[in-house]
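This is what each chain is made of:
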Amino acid sequence: MKKQLSKSIIMASALMLASFSGSLLADAAGDISVSDAYVRATAPGQANSAAFMTLNNGSMHAYSVVDAEGHAAKAVELHTHINDKGMMKMRRIDKIDVPAHGNVMLKPGGHHVMLIGLKQAATEGDSIHLSLVFNDGSKKMINVPVKNMQMGAMDHSKDEHDMHKPAPKKMDHGHMH
Amino acid sequence: MNKLHIAIIVLTLGIVLGWIASTLMPTSDKPIALPNVIASAPTGGDFSLTSADGAFRLKDYRGKVVLIYFGYTFCSDICPTNLALMSQALNSMTDDELTQVQGLFVSVDPERDKVATLKKYAQHFHETMQGLTGSPAELAEMATRYGAAYRKVEGESEGGYLVDHSSNTYIIAPDGSLHAILPHATPAQEILKVTRKLLAES
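So the protein lines, in turn, are chains A and B. Counted from 1, the first sequence has number 47 at position 47 by our numbering; the numbering is strictly sequential. Quick note: to get our numbering, add 177 to the position in the second sequence (first position is 1).
Heads up, a few of these hints could be off.
Result set (DSS-like, lysine-lysine): computed pairs, CA atoms no more than 25 Å apart in a straight line [as the list claims (entries may be wrong)]:
1. B:K370 / B:K329
2. A:K119 / B:K297
3. A:K119 / B:K291
4. B:K236 / A:K74
5. B:K374 / A:K147
6. A:K147 / B:K236
7. B:K297 / A:K74
8. A:K74 / B:K329
9. B:K329 / A:K85
10. A:K107 / B:K374
11. B:K374 / B:K236
12. A:K85 / A:K119
Computed footprint of chain A on chain B, listed as stretches where at least three residues anywhere in the stretch have a Cβ under 8 Å from a Cβ of chain A [to be verified]:
13. 225-233
14. 261-269
15. 312-319
16. 322-334
Pair by pair, the computed Cβ-Cβ distance ranges are [to be verified]:
17. A:H129 / B:A218: 26 to 34 Å
18. A:P44 / B:A232: 16 to 24 Å
19. A:P44 / B:E315: 20 to 28 Å
20. B:K329 / A:G125: 31 to 39 Å
21. A:D97 / B:T276: 48 to 56 Å
22. A:Q120 / B:P360: 48 to 56 Å
23. A:R91 / B:T276: 36 to 44 Å
24. B:A377 / A:S59: 21 to 29 Å
25. B:R373 / A:D126: 35 to 43 Å
26. B:I186 / A:R91: 49 to 57 Å
27. B:T305 / A:H61: 47 to 55 Å
To be clear, the hints were calculated from the coordinates, so they are not data collected in a lab. Cβ coordinates follow ideal geometry from the N, Cα and C atoms, glycine included.
Let the hints inform the model, and build the full structure from the sequences given.
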């Protein structure tokens, strides 16, 4: 009887260990990489800003970002824009899907991480720590540089559609469970 | 006369008196209807709004090309995107051209956007740009004539209300007429082209 009990305890522990290590091996935070992330620098009097980035999912699992967190602003929310016959509607959303073997772009005019009530102005050269929370509970810490929008005279050698985007840049990112 | 008759007379009198009172009430107590639908045939025209430096009257800007963008500083993406494009167009102009051009940011959120803030905000995009706002009634009247729409949306975000808004850039010719309406995210090159064409014609 005693032997049986200890056997089942060992079994249960083994199962727990297996599932735990399984989550270490494959979770959204590990499977998804973040590139081209930036926070738009704020103008004086502008209390809010937004973070944009590309989420790349090389795995066979579809994931969703379900929340974002950070201490740089009073509230950090997932938002999107809807262009309804010329009316721009910014709305809070519950999640941003990242398809298996695919990517999703958070970009101006579309999905973004909204930073509401920045505790200090977002200035070029600064960086803002954010965590992305995924549907499997895993979290990914990212350090997002602040970029000025290009506002200088137009450079005619460049594609005009890229003028208001900062130069793409790969970034380092943390990984947290 | 029985009690029922008296009751009916009192009730009728009450309704009539109530109706008279309501029609005599000053209309300014009524909430201002925001232009929440984009007008189909905007006419533009003169307007007077407020900046940190006092009244801004469009009629004082005859001879200049005036560029107008409607938005609010709470806007984290749409407004800065379009103002950066206007900024880029202004930064591509010669000093001589700049003396004949005026960029304006009109806040449709006077509740939160004060003129002192709007001045700094607008100047961030270009040193010559002016930030304006007005009373809700002034803004609604002017925006309607320009075909700009906006609508307050409560309860979407922890940061307070949001404002749905149209995102066009309006180009006023040197004679004060509404010349062109450029849609959201029109490239700076296009803003520059339209402005230069007007300057060349004037």
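Each hint, compared with the structure:
1. B:K370 / B:K329: Violated, at roughly 34 Å.
2. A:K119 / B:K297: Cα-Cα ~18 Å, so holds.
3. A:K119 / B:K291: Satisfied, since the Cα-Cα distance of roughly 20 Å is no more than 25 Å.
4. B:K236 / A:K74: 42 Å, violated
5. B:K374 / A:K147: With a Cα-Cα distance of about 33 Å, the restraint between B:K374 and A:K147 is violated, given a limit of 25 Å.
6. A:K147 / B:K236: This hinted pair is violated, its Cα atoms lying about 38 Å apart.
7. B:K297 / A:K74: This hinted pair holds, its Cα atoms lying about 23 Å apart.
8. A:K74 / B:K329: Roughly 21 Å separates the two Cα atoms, so the pair holds.
9. B:K329 / A:K85: Distance ~17 Å between B:K329 and A:K85 Cα, so the pair holds.
10. A:K107 / B:K374: 32 Å, violated
11. B:K374 / B:K236: 21 Å, holds
12. A:K85 / A:K119: 34 Å, violated
13. 225-233: Check failed, 0 qualifying residues.
14. 261-269: holds (count 7)
15. 312-319: Since three or more residues must qualify, the claim that chain A covers the segment 312-319 of chain B is violated, with 0 doing so at under 8 Å.
16. 322-334: Per the Cβ count (5), the hint holds.
17. A:H129 / B:A218: 26 to 34 Å: 50 Å Cβ-Cβ, so the 26 to 34 Å window is violated.
18. A:P44 / B:A232: 16 to 24 Å: 23 Å, holds
19. A:P44 / B:E315: 20 to 28 Å: Between A:P44 and B:E315, where Cβ atoms are some 24 Å apart, the hint holds.
20. B:K329 / A:G125: 31 to 39 Å: 35 Å, holds
21. A:D97 / B:T276: 48 to 56 Å: Since the Cβ atoms of A:D97 and B:T276 sit about 51 Å apart, the hinted range of 48 to 56 Å holds.
22. A:Q120 / B:P360: 48 to 56 Å: 34 Å, violated
23. A:R91 / B:T276: 36 to 44 Å: Given range 36 to 44 Å: holds, Cβ gap about 42 Å.
24. B:A377 / A:S59: 21 to 29 Å: 57 Å, violated
25. B:R373 / A:D126: 35 to 43 Å: Given about 37 Å between the Cβ atoms, the range holds.
26. B:I186 / A:R91: 49 to 57 Å: Taking Cβ atoms as reference, B:I186 and A:R91 lie about 54 Å apart, which means the hint holds.
27. B:T305 / A:H61: 47 to 55 Å: 52 Å, holds
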